[in-house]
Amino acid sequence: MLPGVIRLNREESLQAIERFQSEAREIASVCEQIGMARDALEGSWKGRAASQASLTFEEVGGYLTQAQDALLRHCNMVGDGVSTLAEADEFIASKLRGGDSE
Numbered sequence: 001m002l003p004g005v006i007r008l009n010r011e012e013s014l015q016a017i018e019r020f021q022s023e024a025r026e027i028a029s030v031c032e033q034i035g036m037a038r039d040a041l042e043g044s045w046k047g048r049a050a051s052q053a054s055l056t057f058e059e060v061g062g063y064l065t066q067a068q069d070a071l072l073r074h075c076n077m078v079g080d081g082v083s084t085l086a087e088a089d090e091f092i093a094s095k096l097r098g099g100d101s102e
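In UniProt numbering, the protein residues as written are 1 to 102.
Everything hinted at is true.
Each pair of labels, with its calculated beta carbon distance range:
#: 1; residue 1: 72; residue 2: 34; range: 17 to 23 Å
#: 2; residue 1: 84; residue 2: 35; range: 33 to 39 Å
#: 3; residue 1: 56; residue 2: 26; range: 18 to 24 Å
#: 4; residue 1: 87; residue 2: 29; range: 32 to 38 Å
By construction, these hints were calculated from the structure, which means they are not laboratory data.
Here the structure is a predicted model, which means the values were calculated and not measured.
For glycine and all other residues, C-beta sits at the position ideal for the given N, C-alpha and C.
Could you put the whole structure together from the sequences, leaning on the hints where they help?
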């Protein structure tokens, strides 16, 4: 490949976005399960062990939420990049064909 040349396979890019979104949904599901487990513990556990478990669930949930947010931001960046490159490609192709760019 020539330096400065970007090859874009739109289909592969869209598949990558779907994989990232799927991973984000899985993380959301795990966060929901953590919340249900924490709620269940609040009713049955008492004392220091319950407090520590609740704090651990809260901490893990925070990390997972950050991971989910990062995945979704990455999805948006990939999607924006695909759109931008596709628009630029179409503009260049239009100019090469002698078409009107407006």
